[in-house]
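Novice: Based on the sequences and whatever the hints tell you, model everything.
Residue numbers (our numbering), protein chains in the order written: chain A, 117 to 563; chain B, 117 to 563.
Since the hints were derived computationally from the structure, they do not count as laboratory data.
Just so you know, not all the hints are guaranteed correct.
Chain copies aren't distinguished; within one or between two, either way the pair holds.
Stated by the list, open to error - In the SDA-like style, the derived pairs of lysine to any residue whose C-alpha atoms are separated by at most 25 Å in a straight line are:
hint : residue 1 : residue 2
1    : K333      : E139
2    : K253      : E309
3    : K197      : D483
4    : K555      : D466
5    : K555      : P364
6    : K555      : V378
7    : K555      : F543
8    : K555      : L542
9    : K253      : E305
10   : K474      : D557
Protein chains: 2
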Amino acid sequence: MMLPRAAALVGLILFAVLPARAENVTSFTLDNGMDVVVIEDHRAPVVVHMVWYRVGAADEPPGHSGIAHFLEHLMFKGTDKFPAGSVSEIVEANGGSDNAFTSYDYTAYFQRVAADRLELMMELEADRMNNLTLSEKDVVTERNVILEERNQRVENDPAALFAEQRSAAQYLNHPYGIPIIGWRSEIAELSREDALSFYRTYYAPNNAVLVVAGDVKPDAVRALARKHYGPLAPSAALPVRTRPQEPPQSAERRLRFSDPRVAQPYVMRTYLAPERDPGAQETAAALTYLAELLGGGTTSVLAQKLQFDSKQALYTSAFYDGNALDDTTFGLVVVPAPGVSLQQAEDALDSALADFLKDGVNMERFDRVRTQIRAADIYARDNVQTSAHRYGAALAMGLRVEDVRGWPEVLDRVTPADVMAAARDLFERRRSVTGWLMKGDAPEVTQ
Amino acid sequence: MMLPRAAALVGLILFAVLPARAENVTSFTLDNGMDVVVIEDHRAPVVVHMVWYRVGAADEPPGHSGIAHFLEHLMFKGTDKFPAGSVSEIVEANGGSDNAFTSYDYTAYFQRVAADRLELMMELEADRMNNLTLSEKDVVTERNVILEERNQRVENDPAALFAEQRSAAQYLNHPYGIPIIGWRSEIAELSREDALSFYRTYYAPNNAVLVVAGDVKPDAVRALARKHYGPLAPSAALPVRTRPQEPPQSAERRLRFSDPRVAQPYVMRTYLAPERDPGAQETAAALTYLAELLGGGTTSVLAQKLQFDSKQALYTSAFYDGNALDDTTFGLVVVPAPGVSLQQAEDALDSALADFLKDGVNMERFDRVRTQIRAADIYARDNVQTSAHRYGAALAMGLRVEDVRGWPEVLDRVTPADVMAAARDLFERRRSVTGWLMKGDAPEVTQ
Numbered sequence: 117m118m119l120p121r122a123a124a125l126v127g128l129i130l131f132a133v134l135p136a137r138a139e140n141v142t143s144f145t146l147d148n149g150m151d152v153v154v155i156e157d158h159r160a161p162v163v164v165h166m167v168w169y170r171v172g173a174a175d176e177p178p179g180h181s182g183i184a185h186f187l188e189h190l191m192f193k194g195t196d197k198f199p200a201g202s203v204s205e206i207v208e209a210n211g212g213s214d215n216a217f218t219s220y221d222y223t224a225y226f227q228r229v230a231a232d233r234l235e236l237m238m239e240l241e242a243d244r245m246n247n248l249t250l251s252e253k254d255v256v257t258e259r260n261v262i263l264e265e266r267n268q269r270v271e272n273d274p275a276a277l278f279a280e281q282r283s284a285a286q287y288l289n290h291p292y293g294i295p296i297i298g299w300r301s302e303i304a305e306l307s308r309e310d311a312l313s314f315y316r317t318y319y320a321p322n323n324a325v326l327v328v329a330g331d332v333k334p335d336a337v338r339a340l341a342r343k344h345y346g347p348l349a350p351s352a353a354l355p356v357r358t359r360p361q362e363p364p365q366s367a368e369r370r371l372r373f374s375d376p377r378v379a380q381p382y383v384m385r386t387y388l389a390p391e392r393d394p395g396a397q398e399t400a401a402a403l404t405y406l407a408e409l410l411g412g413g414t415t416s417v418l419a420q421k422l423q424f425d426s427k428q429a430l431y432t433s434a435f436y437d438g439n440a441l442d443d444t445t446f447g448l449v450v451v452p453a454p455g456v457s458l459q460q461a462e463d464a465l466d467s468a469l470a471d472f473l474k475d476g477v478n479m480e481r482f483d484r485v486r487t488q489i490r491a492a493d494i495y496a497r498d499n500v501q502t503s504a505h506r507y508g509a510a511l512a513m514g515l516r517v518e519d520v521r522g523w524p525e526v527l528d529r530v531t532p533a534d535v536m537a538a539a540r541d542l543f544e545r546r547r548s549v550t551g552w553l554m555k556g557d558a559p560e561v562t563q
Numbered sequence: 117m118m119l120p121r122a123a124a125l126v127g128l129i130l131f132a133v134l135p136a137r138a139e140n141v142t143s144f145t146l147d148n149g150m151d152v153v154v155i156e157d158h159r160a161p162v163v164v165h166m167v168w169y170r171v172g173a174a175d176e177p178p179g180h181s182g183i184a185h186f187l188e189h190l191m192f193k194g195t196d197k198f199p200a201g202s203v204s205e206i207v208e209a210n211g212g213s214d215n216a217f218t219s220y221d222y223t224a225y226f227q228r229v230a231a232d233r234l235e236l237m238m239e240l241e242a243d244r245m246n247n248l249t250l251s252e253k254d255v256v257t258e259r260n261v262i263l264e265e266r267n268q269r270v271e272n273d274p275a276a277l278f279a280e281q282r283s284a285a286q287y288l289n290h291p292y293g294i295p296i297i298g299w300r301s302e303i304a305e306l307s308r309e310d311a312l313s314f315y316r317t318y319y320a321p322n323n324a325v326l327v328v329a330g331d332v333k334p335d336a337v338r339a340l341a342r343k344h345y346g347p348l349a350p351s352a353a354l355p356v357r358t359r360p361q362e363p364p365q366s367a368e369r370r371l372r373f374s375d376p377r378v379a380q381p382y383v384m385r386t387y388l389a390p391e392r393d394p395g396a397q398e399t400a401a402a403l404t405y406l407a408e409l410l411g412g413g414t415t416s417v418l419a420q421k422l423q424f425d426s427k428q429a430l431y432t433s434a435f436y437d438g439n440a441l442d443d444t445t446f447g448l449v450v451v452p453a454p455g456v457s458l459q460q461a462e463d464a465l466d467s468a469l470a471d472f473l474k475d476g477v478n479m480e481r482f483d484r485v486r487t488q489i490r491a492a493d494i495y496a497r498d499n500v501q502t503s504a505h506r507y508g509a510a511l512a513m514g515l516r517v518e519d520v521r522g523w524p525e526v527l528d529r530v531t532p533a534d535v536m537a538a539a540r541d542l543f544e545r546r547r548s549v550t551g552w553l554m555k556g557d558a559p560e561v562t563q
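Specialist: Given below as structure tokens:
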């Protein structure tokens, strides 16, 4: 326990001593509609180059779940100019690293390289935005890779299977109820044509955000972006980004998932929760506090009541991430202590929530959480890659540069009354799913 | 109680005396791909004329739920040749009746008229298959009609709201989890363009089944169908009919729905169940028996145990309908007697199911159910409209004429062992949703 504690302490001291470093952010849009964000940070001669597409798993056509993630893999199959594997090879040969990721709301590709290699990264990324070549063999091979990835990450992990079933029960209509990696049976049917159709529909400069962060000047980035991304034609047929929204959730849901591989049973409850919206981030900010107050570490409400006072829980947690295009979830976890049943653990959770709603926020705890949130923000801004990620993700989810800039201030303005109001709106059982992960019979496979 | 009992008795006597009337069915396909089924019945000079489209609510684009049903309404707005309301007026003026209905798997339009008016019906129906005219005003007016229909049928009926939430929890991925009438918020956004796009995509002779039943000769129907439907061009871009299928359902789900308007609480459990498939109707036949054995009337297993023996229930029921393109549900209902809690009612249900799985089928009960199923089939075949409906629905759901013809025999071949095997496969809690409808606080409206 010493190391993290010490580190946190250093953080607080730094925070108390140093003013928050302002990010030096410039943004503009190319004539073809591609948004560009430049974050200057000249402390090291490196640059992070990211292209974020405003498309993710929640934009997939029904019955083709996993295609966004599949395409992310296939983007490394190369073009005529830069054949398969060459992006990663070139990046590595230039001493850099690269990666890609897919979420519900975006798909992103990034490289971290020496600052003088930025142009090469743009050349690579602009080329594969338009010129991806895919053989039938590539598709079959990569589909097997992804099925194996699903095996390892989901089928072999009861907690992941449990999470999939819970999400599906949480969302009655919205595609956030479908796993990002895709349902296995649907992954198995994904075709080259599915991938190319998704690529042609969504991979276009007017659906992309370029983020360049590090030892660069905005004018130089603008010139390079114009040279490499500027010539790409925008898509004239970009779909309007609306997903099926949730109907009123009027019945509390519960589910039980049993698996012989479960080592530690637990209770998890999620509530449908609002997300950050452009110009309206206040509720999300209050919920960010609420999650920290209830479940953020050993001084939180749940830890104090359930782990230390009543000793009914081994571990408690609360989580919320407002970074989403549509309604997201707020979650609570209780891992019962030996001899405590899941029902007792859940009852203890409900009792703690009821007390919290009745008693309100302890000011000392609130101040500590505010300090933690401020410190986390300062660390994030101090890391060029994290900072680039923040802007890219936010813009890809429909937020604006000013929303990202304003977020620390919105967080700073949150009051205990805001938190309690948000909590009262949130904790409506009709919009919740309570899941029990249990050790038990093997799940029957129905396919 | 006297009347239905007497009627049932007459049925059994009739059945014992008369052989089943064979249906005189002819089927063929027009050059443009339109399937035609003719059922001759010359006992009365009437004809039933039906057009079934192989499209329903489960084929809707995501986020546009209700468009199939909305279009069904809009089909009465008329064409240049037959303006708004004229179909129904002409039918009525000719002494007939007409109607239309939308299910998950089909949308159908039918008229019942004097046999010599058949050609006029074809003229009307062929015309509106291609030439529907819709004004913006029609769309706005009819959308309000449908929102009001939803108010009356769903929003004002807690059992219907409960059913919607249960279905959404039953299906993790398949559109059967979305209400046929549509989510209110999505109905409110349906546009003229949505309706016309759905119409142009799916309303075409190669996506339709014509059923003509009554006092007609196949050759005459063929000549008329060629004359009126024959000239319609088939759609070259008919989508392949595949919906997102269910992933493995591996976590038992439960939900509670409370509403102050609930007069009588009850427990309802549904299990995911297989449907009738072309050439493979045996399991569906066994499940048809199972539903009758468990919940069909006062001599059923659940009625005997829960209503008469333990007196814990006021009413019990089991339901199953194998008429679906994709996996359907098998349901059980227990309405507890006064003083019996929903938990006790559910426990009694589970105990009855466990006994049934242990004890097997009582032969006397099985024979009675077989007789009832035979009798129901004979009545259905004896009614020209019911018979036409059977063929139309089956063909629109992907079954073939021979599947409909063979269904009574498949039902007749079911053995007690088949029923028990089907029951053992069916009653897997991981694929079930158990819902409690309770009297309680008003559901919060989240929109």
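Novice: Now, for every hint given, state plainly whether the structure supports it.
Specialist: Now for the hints, and whether the structure bears them out:
no.	hint	verdict
1	K333 - E139	within (13 Å within a copy, 83 Å between copies)
2	K253 - E309	within (13 Å within a copy, 40 Å between copies)
3	K197 - D483	neither (56 Å within a copy, 74 Å between copies)
4	K555 - D466	both (23 Å within a copy, 22 Å between copies)
5	K555 - P364	between (33 Å within a copy, 19 Å between copies)
6	K555 - V378	within (5 Å within a copy, 37 Å between copies)
7	K555 - F543	between (28 Å within a copy, 21 Å between copies)
8	K555 - L542	between (30 Å within a copy, 23 Å between copies)
9	K253 - E305	within (14 Å within a copy, 43 Å between copies)
10	K474 - D557	between (40 Å within a copy, 20 Å between copies)
Comparing the model with each earlier hint shows a violation of hint 3 alone; every other hint is respected.
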